[in-house]
Amino acid sequence: GEDVEQSLFLSVREGDSSVINCTYTDSSSTYLYWYKQEPGAGLQLLTYIFSNMDMKQDQRLTVLLNKKDKHLSLRIADTQTGDSAIYFCAETLGTALIFGKGTTLSVSS
Amino acid sequence: GAVVSQHPSWVICKSGTSVKIECRSLDFQATTMFWYRQFPKQSLMLMATSNEGSKATYEQGVEKDKFLINHASLTLSTLTVTSAHPEDSSFYICSARPSRNEQFFGPGTRLTVL
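For the protein sequence lines, the chains are B and X, in the order given. So in our numbering, spot 75 of the first sequence is number 75, and the numbers just go up one at a time. Residues are numbered in our numbering as their position in the second sequence, beginning at 1, plus a constant of 109.
Isolated chain B, as found in the complex:
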């Protein structure tokens, strides 16, 4: 199938690290993405990783890719209340993207 799977909900305390996991389906996906969506808004591209990479770090964000297991994760260091949102992982299908159902991250102070 073409389902991208994510856990639906994650709750952390401010200052902790958050790890959001994703399992994708198409081993030929060239890029894998993480998007952030705040309530009532569109999607904000957070980061992406090329399929021949294992890890990518961008400030507080670290993306890990296990291509063998088709597993992608997003780690947010020092999570802030402003990080509360829905996080979508996406894999490429041709030129379009296939999204997971999104993980709602709730950050409490």
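It is worth saying that the hints were derived from the structure and are not from the lab. Careful, some of the hints might be misleading.
Simulated pairs of lysine to aspartate or glutamate, EDC-like, Cα-Cα distance not exceeding 16 Å [said to hold, decoys possible]:
#1 K68/B with D54/B
#2 K150/X with E5/B
#3 K68/B with D26/B
#4 K129/X with D174/X
#5 K67/B with D54/B
#6 K36/B with E211/X
#7 K36/B with D58/B
#8 K123/X with E196/X
#9 K150/X with E38/B
Start from chain B and add chain X according to the hints.
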């Protein structure tokens, strides 16, 4: 990053009317744009791929006569929901790719059909 805009951001219409949603790439040209639909608390579902100068490519299950797409220029794609019904109420989001490995999304248009 590149900027994609949508207009309107929110529209309420009566059942049976048609609604046009615009998607613009503001600082880059896009030969291809994408239209997604998102139901509350759900993921984005690709509806169609809009191609400048040619017909759009629709995903399985999406009625092309109901969701008319026109990619009139390299910076503008429009989605017209024809004869809208309450079940068409949704959040419609477009996206465009300024480069091969990046895809940027518009802020979305919330359509409510009464």
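Going down the list of hints, with the structure as the test:
no.: 1; hint: K68/B with D54/B; result: holds (11 Å)
no.: 2; hint: K150/X with E5/B; result: holds (15 Å)
no.: 3; hint: K68/B with D26/B; result: holds (11 Å)
no.: 4; hint: K129/X with D174/X; result: holds (14 Å)
no.: 5; hint: K67/B with D54/B; result: holds (8 Å)
no.: 6; hint: K36/B with E211/X; result: holds (14 Å)
no.: 7; hint: K36/B with D58/B; result: holds (15 Å)
no.: 8; hint: K123/X with E196/X; result: holds (12 Å)
no.: 9; hint: K150/X with E38/B; result: holds (12 Å)
In summary, the structure agrees with every hint in the numbered list given earlier.
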